[in-house]
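For any residue, its number in the numbering used here is found by taking its place in the sequence shown, counting from 1, and adding 24.
Don't take each hint at face value.
[Stated by the list, open to error] No more than 20 Å apart at the CA atoms, straight line, and that leaves these computed lysine-lysine pairs for PhoX-like:
id, residue 1, residue 2
1, K418, K442
2, K27, K58
3, K261, K290
4, K251, K220
5, K261, K217
Simulated from the structure, these hints should not be mistaken for lab results.
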Amino acid sequence: MGKEEPYIRLWRELFEKYLGWESSDTWSEYDFEKLSEIIFSKTNTRLSLSTLKRLWGKVQYKSTPTIATLNVLAHALDFEDWRAFKKRIDKDNLGAERSAYEKPNSSLLHRHKLLVITAVVCAVLMVLGITKFVKTSVKTNKYDATKEIFESRVVSDQMPNSVVFNYDASTDPANEIYLQQSWDSKRTEKLDKNKKQHTSVYYYPGYFNAKLVADEQIRKTASVFIKTNGWMGIIDKNPVPVYLNADSMNLQDGMGIKSQTFVKLKGSSVLNDAWVHFYNFRYFEGASGHDLDFETTLRNTSGPEQSSCREISVEIVGTENEISIPLSDKGCIATLNLSLGREKIYGKDHDLSAFGCDFNSFQHLSCSIQNDHIKISLNNKVIYSGLIAQDIGKIVGIGIGFEGAGEIKSVKLGNRQKIIFRQVFGK
């Protein structure tokens, strides 16, 4: 991060003191999301999670943050801008000490650097107040959110689908504007500031929060809801997936795909890491992340010679986040990841052996949420129970994925009062 690095490190020290949290070495995805919200509440500008992770050294990035990002950091500590923040640091008779920080490493200089950082933090905290920072001057921000427009419109009810984004970023002080289509930062496109419309193709159904991004800051968000007309089957493939027709999906005793059909469409008899998903996206009125009962009966029908782990992923999608429940062959539970909204539980460092299955028979999976408590059961045995940190919002979709071939016998969704959706498959 060049010459700004010493100041950025000092800023981090100060803001961590302000937060009063545990060491940033232990921060999770949820903590960075919360950090983004705190900075937004203080500055009215939202920094992306990737930007915050780079600032905290969680992601390798050698370039210096833009001046717009640095100004937001300064605003978060109630300084007018980044220049004012640096001026205050230098004013505390520490400018000369900072130059020593940038010299080549040695054990003596390393100890000296730590003393310098500690001295700077203490000095600035004494001036600003440990938990309340006094404004050094009137804060200015050229960005005016009221003048910026970002809206979305889904074109059709078919897949793939196009979404038209109407935007106006002509008054934005940033030099470059980007559209992030979903949570996946890889799906980002550069926009022309002088134009008003942009169209993107979505190959999968779902509920997405598209973002208008400038100078690594989220300016505006727009919901994109791409529904399905009942159930839809999709084989994952880049760059364009394969859409299943009704004959391929409708099995004699359920909904799914036969191994021979999958092998024919994929062109290989080995189905490791080859996934097919069955989606149903619409508003399930009455079902939400705080009052939910979900059940499904299913199995992976691939042979071990086709798919070693024979994984299954069951997703309950809300407007704010999703619950993703994994199942697999008993020998592969270390590869599983359980997602409960913001919370991620990884099989690498948690015992998820209860999520292992014998796919010689159908598996009955259920998930219920009441009073912020989630319970997951497999074949009527509780395999996970605990508090859920985030309400995933209104339920808008169900997704069931198989590594290889699979079959679904039934799906049921409801709340404490009633069954909202129920379907039993089979001819």
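Quiz item: Which numbered hints are broken by the structure, listed smallest first?
Solution: 2, 4, 5
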